[in-house]
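Here the protein sequences line up with chains W and U, keeping their order. Quick note: the first sequence, position 305, residue 305 per our numbering, numbers continuous. Quick note: the second sequence, position 121, residue 121 per our numbering, numbers continuous.
Certain hints may be false.
Note that identical chains are pooled: a pair holds if it fits in a single copy or bridges any two copies.
[What the hints assert, rightly or not] With a straight-line Cα cutoff of 16 Å, these simulated EDC-like cross-link-like pairs (lysine to aspartate or glutamate) come out:
(1) 319 - 98
(2) 211 - 234
(3) 209 - 228
(4) 209 - 234
(5) 211 - 228
(6) 45 - 165
Just so you know, the hints here were simulated from the structure itself, not pulled from any lab data.
The lines below spell out each chain.
2 protein chains.
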Amino acid sequence: MKLACLILILSASSPVVVRSEELLPSWNKNGTREAIITFVEKVAKEGSPDFVPVRDRIAVFDNDGCLWAEQPVYFQAIYIFDRIKALAPQHPEWKEKEPFASVLKGDLKSALAGGEHALLEMAMATHAGLTTDEFNEAVRDWLSSARHPKTGRPFTEMVYQPMLELLDYLRANGFKTFIVSGGGIDFLRLFAEDVYGVPPHQVVGSSVKAKYELRDGRPVLVKIPELDFIDDKEGKPVGIHQHIGQRPLMAFGNSDGDFQMLEWTTAGTGPRFGLLVHHTDADREWAYDRESHVGRLSRGLDEAAQRGWIVVDMKEDWKTIFPAE
Amino acid sequence: MKLACLILILSASSPVVVRSEELLPSWNKNGTREAIITFVEKVAKEGSPDFVPVRDRIAVFDNDGCLWAEQPVYFQAIYIFDRIKALAPQHPEWKEKEPFASVLKGDLKSALAGGEHALLEMAMATHAGLTTDEFNEAVRDWLSSARHPKTGRPFTEMVYQPMLELLDYLRANGFKTFIVSGGGIDFLRLFAEDVYGVPPHQVVGSSVKAKYELRDGRPVLVKIPELDFIDDKEGKPVGIHQHIGQRPLMAFGNSDGDFQMLEWTTAGTGPRFGLLVHHTDADREWAYDRESHVGRLSRGLDEAAQRGWIVVDMKEDWKTIFPAE
Numbered sequence: 001m002k003l004a005c006l007i008l009i010l011s012a013s014s015p016v017v018v019r020s021e022e023l024l025p026s027w028n029k030n031g032t033r034e035a036i037i038t039f040v041e042k043v044a045k046e047g048s049p050d051f052v053p054v055r056d057r058i059a060v061f062d063n064d065g066c067l068w069a070e071q072p073v074y075f076q077a078i079y080i081f082d083r084i085k086a087l088a089p090q091h092p093e094w095k096e097k098e099p100f101a102s103v104l105k106g107d108l109k110s111a112l113a114g115g116e117h118a119l120l121e122m123a124m125a126t127h128a129g130l131t132t133d134e135f136n137e138a139v140r141d142w143l144s145s146a147r148h149p150k151t152g153r154p155f156t157e158m159v160y161q162p163m164l165e166l167l168d169y170l171r172a173n174g175f176k177t178f179i180v181s182g183g184g185i186d187f188l189r190l191f192a193e194d195v196y197g198v199p200p201h202q203v204v205g206s207s208v209k210a211k212y213e214l215r216d217g218r219p220v221l222v223k224i225p226e227l228d229f230i231d232d233k234e235g236k237p238v239g240i241h242q243h244i245g246q247r248p249l250m251a252f253g254n255s256d257g258d259f260q261m262l263e264w265t266t267a268g269t270g271p272r273f274g275l276l277v278h279h280t281d282a283d284r285e286w287a288y289d290r291e292s293h294v295g296r297l298s299r300g301l302d303e304a305a306q307r308g309w310i311v312v313d314m315k316e317d318w319k320t321i322f323p324a325e
Numbered sequence: 001m002k003l004a005c006l007i008l009i010l011s012a013s014s015p016v017v018v019r020s021e022e023l024l025p026s027w028n029k030n031g032t033r034e035a036i037i038t039f040v041e042k043v044a045k046e047g048s049p050d051f052v053p054v055r056d057r058i059a060v061f062d063n064d065g066c067l068w069a070e071q072p073v074y075f076q077a078i079y080i081f082d083r084i085k086a087l088a089p090q091h092p093e094w095k096e097k098e099p100f101a102s103v104l105k106g107d108l109k110s111a112l113a114g115g116e117h118a119l120l121e122m123a124m125a126t127h128a129g130l131t132t133d134e135f136n137e138a139v140r141d142w143l144s145s146a147r148h149p150k151t152g153r154p155f156t157e158m159v160y161q162p163m164l165e166l167l168d169y170l171r172a173n174g175f176k177t178f179i180v181s182g183g184g185i186d187f188l189r190l191f192a193e194d195v196y197g198v199p200p201h202q203v204v205g206s207s208v209k210a211k212y213e214l215r216d217g218r219p220v221l222v223k224i225p226e227l228d229f230i231d232d233k234e235g236k237p238v239g240i241h242q243h244i245g246q247r248p249l250m251a252f253g254n255s256d257g258d259f260q261m262l263e264w265t266t267a268g269t270g271p272r273f274g275l276l277v278h279h280t281d282a283d284r285e286w287a288y289d290r291e292s293h294v295g296r297l298s299r300g301l302d303e304a305a306q307r308g309w310i311v312v313d314m315k316e317d318w319k320t321i322f323p324a325e
């Protein structure tokens, strides 16, 4: 019986009790860490006046600039630029046509001058007609070979160690963790499970439409160059509604693109939690906010205090930034 | 230690071993039940040549006619008719306007003559402008008070006991169970968790668009009369891709609206499983297939054998149909 009991203890999925001092080890004991732990303990503790049943413990995370870095430009944009370069021989017209021409000349600033719209046009042009299997293969190849221009590391190592610990900590306390990103849903799904422990059906993102058809008698899903959904700003609560179908209990972001996601989350009844990661560490990562071309954070900084949202000061609050350190 | 051990045994989520003869008790031992068990055991058993890791154990279920009944007409249509009657005083123009006029006269056959399009028009007209909270309240009220016209039971009791056991059995073997229905995603989510054990984020269905806005400073999501997605026929693999992001291992349906979902599922590599519920029991439920106005099943019957899909003969295979029996 004792051995059986031990096996049961080891195989049981009941959360293992960890001493509070040992939680979130890459977070400095600066107040932010304690605010997170205090919130989680009050909603997860049976008998607490703020107890929330497991089925309502939903936490949503932005990806770019919140779970992984987003400088010098969104990583998916680098993927799209690389793909334009690879496909250029089949598209001689791109040499004359913006924004493709700027990408091929290496002038990324001009290529991105058209903002989200230009990026979307490039994404659709480089993926339309691909089956989902072909798209997955192209992205997997890129993820395994491409390197970050500044650090030389694979992009999947440019993730934030404190946030990985936070994802694990929340799941250990009965939370379901979702990604709610402006990035492409199919792009994210190719690494979210291995890197973040977030399965494909818990990823929400932007998308183009897909079409079901038979090719040589075999069914395929083909990406078509038609916008399906942009999961950004006012789109984030809509994406949460369509995919998750419940208002989250906790929301984590880093830019004004996450403002409405935090607003929607924290407007719910009972205890709610909103947090913004502020990029303040020019030495270990990057420092940027109100004037940045990616991950612009301005209104969020202005209103966080009055709305009761926590702001992470990356430089002060994070002992470690990337897992490799 | 013994008490601690007992508590651990009770709280552990490791599946309890049940003798094979006791599995799926509402299924007759006719071959169909055994085909299900054989498949699940071969994919879930560590070391089996057909072993599939837990992360890929995805099972998708149609709802109308597969998990609950769909006669004399889809239950959500009855909800929409009831709502039209309730809202009629505010819409005097409906007395003259089809399909609303037929609903108000009680002529449901004419009301549905326009098929899916007419139903969708009614659904949008009766829900546009509602916030998601208002919609949820209206549907919850209806679910708790409305009764099935033939049996007099709440609609949530018109579910199939053998399918409830199947959902539990699959989850006990590490499967994630999803609903993939032509019905409205927001409608389904209001009972799927309590009735089927399927949480909101594991429900895929048809939808209208929603818009995020502030009303008196409070954020709301408002349903707008614009089609977002129809989750039927070729739409089902698309809905699966957008929401689940993985090809299922098992698919369960009952009509030609599920054909492509089964086709897409069983075209995957390795072991796959497709099953159609055939309504053959006019005494205990209803008998219908090729000529039915709801849940038409014709191509599926013709091609099931050559495609290796199992067909449930409700009359022969199910010992019990509804939980109340």
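Evaluated hints:
no. : hint      : in the structure
1   : 319 - 98  : neither (43 Å within a copy, 66 Å between copies)
2   : 211 - 234 : between (26 Å within a copy, 8 Å between copies)
3   : 209 - 228 : both (5 Å within a copy, 11 Å between copies)
4   : 209 - 234 : between (20 Å within a copy, 13 Å between copies)
5   : 211 - 228 : both (12 Å within a copy, 15 Å between copies)
6   : 45 - 165  : neither (20 Å within a copy, 31 Å between copies)
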